[in-house]
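Visitor: Here are the chains, one letter per residue:
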Amino acid sequence: MSSGQEIFSEVVTVLGTAAFALSAVLAASKRRVDIFSLIILGLITSIGGGTMRDLMLDVPVFWSQDLSYVWISISASLFGFVFFGLLKKRWINEFYLHIDAFAIALFAIQATNKAWELGFGLPVAPIFMGLITAVGGGIVRDMLMQRPTLLFESELYAIPIALGCAMHCVVLSLAPQWSVLSSTLCILLIIAGRSLSIYFNIGVPNWALLGKSSL
Amino acid sequence: MSSGQEIFSEVVTVLGTAAFALSAVLAASKRRVDIFSLIILGLITSIGGGTMRDLMLDVPVFWSQDLSYVWISISASLFGFVFFGLLKKRWINEFYLHIDAFAIALFAIQATNKAWELGFGLPVAPIFMGLITAVGGGIVRDMLMQRPTLLFESELYAIPIALGCAMHCVVLSLAPQWSVLSSTLCILLIIAGRSLSIYFNIGVPNWALLGKSSL
Amino acid sequence: MSSGQEIFSEVVTVLGTAAFALSAVLAASKRRVDIFSLIILGLITSIGGGTMRDLMLDVPVFWSQDLSYVWISISASLFGFVFFGLLKKRWINEFYLHIDAFAIALFAIQATNKAWELGFGLPVAPIFMGLITAVGGGIVRDMLMQRPTLLFESELYAIPIALGCAMHCVVLSLAPQWSVLSSTLCILLIIAGRSLSIYFNIGVPNWALLGKSSL
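Sequences listed follow chains S, P and A, in order. Heads up, the first sequence is in the UniProt record's numbering, so the first residue is 1 and it goes up one at a time. Heads up, the second sequence is in the UniProt record's numbering, so the first residue is 1 and it goes up one at a time. Heads up, the third sequence is in the UniProt record's numbering, so the first residue is 1 and it goes up one at a time.
Pulled out of the complex, with its shape left as it was, chain S reads as follows (with noise of 0.2 Å):
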């Protein structure tokens, strides 16, 4: 991996790291929850996807490694606890859900390139690794919290990250030599599909739903 690749990887993981970790103090707001428990619910929903990512790959989980993540997720969650009446104001909460997009989107492309580069279950397994790495932690953390988890919303959310993984695999597959543009290009499109679905409501179509279009 080139050194211009992996600044761009570590930008990006600390962007994702603080926005997953700050999604948890929202997904909390409804909750009697104190300032640990909180911390504790960043931490999994930040570093709780690539954690499993790290364990079916057989390597070293990635914050033992690099203890900077488990850093920022702490010190997004207290921000996200002092500033907390911030975070519930409407403009605030929509740029949040853009940031969180990125972080997906970033992570998710991150973990294909990770289990890519490991030749683990080519070419359709590093699908699943960039899926899990994205909403991994955030299904622990709804699971934790008895939510619903985000696999029965109705909004758009796994469904972009699994195209644009697909799509990045399609090219380390027939074009490896593009992989960096790709990279770059998957996560515009998984930014874009995630943001599109926010901004005009976009849901899943009624056909695609279970017992609707069956025989």
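No wet-lab data here; the hints were simulated from the structure. Watch out, some of these pointers could steer you wrong.
Said to hold, decoys possible - Below, computed lysine to any residue pairings styled on SDA-like, alpha-carbon distance capped at 20 Å:
#1 Lys30/S - Leu87/S
#2 Lys88/S - Tyr199/S
#3 Lys88/P - Leu181/S
#4 Lys30/S - Lys88/A
#5 Lys212/A - Phe79/S
#6 Lys88/S - Ala208/A
#7 Lys30/S - Met143/S
#8 Lys30/A - Phe84/A
#9 Lys30/A - Leu150/P
#10 Lys212/P - Lys212/A
Predicted model, so just to flag it, every value in this text is computed and none were measured.
Dock chains P and A against the given chain S, drawing on the hints supplied.
Guide: This is chains P and A only, laid out in the frame that chain S set:
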């Protein structure tokens, strides 16, 4: 392992994988769920238990080495989505329950054998690997769906599996040369136990319930 | 590790394992649950946290190397099932809570030491390993039972554990020769924190709750 065992083992996994994915379609039938989430739930149900087993055994995750399980699971979910009307028919549902019994029996004994060959916590831990592989994916599926897991069902589900795996471990300890025969018999034993429970609606007796026969 | 430490460590694990299994019996007391599911829930509670720890540390799962933990957990669940009437008695219950405090303290510091010896994400990650080992099994148990997990309890539970593990990590960093003394003191510190919280019904202060003191 002989070639015959390997082929048997693969056929079994194909059938079981499909049955598990279909179980996710049935479990989701009362929820608003789209085809994409259905595929994810199907994958979790069909390969989740084996994934937990492989993580604990510290061997490569099985589906990263042979993606056919992934394709089978996705195909079965798509099939279940399209022919959902059929799945809800009474005779199909009963038929399905027996296929599911077949799947859990095969997966459980297969996992017991895998753990035994690796010398994992002999002679008892392979029983847990059998149980986890057979029911782990379904339990995570139920947790994601906020349904009570099978641990709180009154039907006999995990008990026949544990008995079958335990019996197989006894044979592997005392007469390892009978491994293939014992695998077959213990699979049949689990299927029989589960099928009888379904057919005669046999549940756990009252004295085995917490608080009913305590001092 | 000296032989004295090893013996201490083993005695501690035996007691803690039994206490954790009994906690599952108590947690299940309002559910319709049979003896077999109780044993499974007991196993998840008592060896689940340590299993997560070992997966992240990438070392063999501890109970696969020493099955005694499994037997202790099963025996404790059977004991709890038979003498369930006793467990519900008020003084027994209070006694039990202190045993549980003892168990989480021991497991947490033991796990912190294990992670430290492996050089896992020093100096901070061992604190998480302590926390996960102490509360991970109980959290999964509560999720399986569809109960709110301890992260949303108002009692002090995870906070004394984190403080004790953090203090131990400070000593291991600055004065590693005092490891044994520090282990003992930090175990006592966690027990004291937890016991005082139970005895005086101390909870998280209001300013530490999300939304109560935010800007």
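Visitor: Give a verdict on every hint.
Guide: Verification of the supplied hints:
1. Lys30/S - Leu87/S: Within the cut-off at roughly 13 Å; holds.
2. Lys88/S - Tyr199/S: Measuring from Cα to Cα gives roughly 18 Å; hence the hint holds.
3. Lys88/P - Leu181/S: 47 Å, violated
4. Lys30/S - Lys88/A: 33 Å, violated
5. Lys212/A - Phe79/S: 14 Å, holds
6. Lys88/S - Ala208/A: 18 Å, holds
7. Lys30/S - Met143/S: 15 Å, holds
8. Lys30/A - Phe84/A: 12 Å, holds
9. Lys30/A - Leu150/P: It holds: about 17 Å lies between the C-alpha atoms, which stays within 20 Å.
10. Lys212/P - Lys212/A: Violated: lysine 212/P and lysine 212/A sit about 45 Å apart, past 20 Å.
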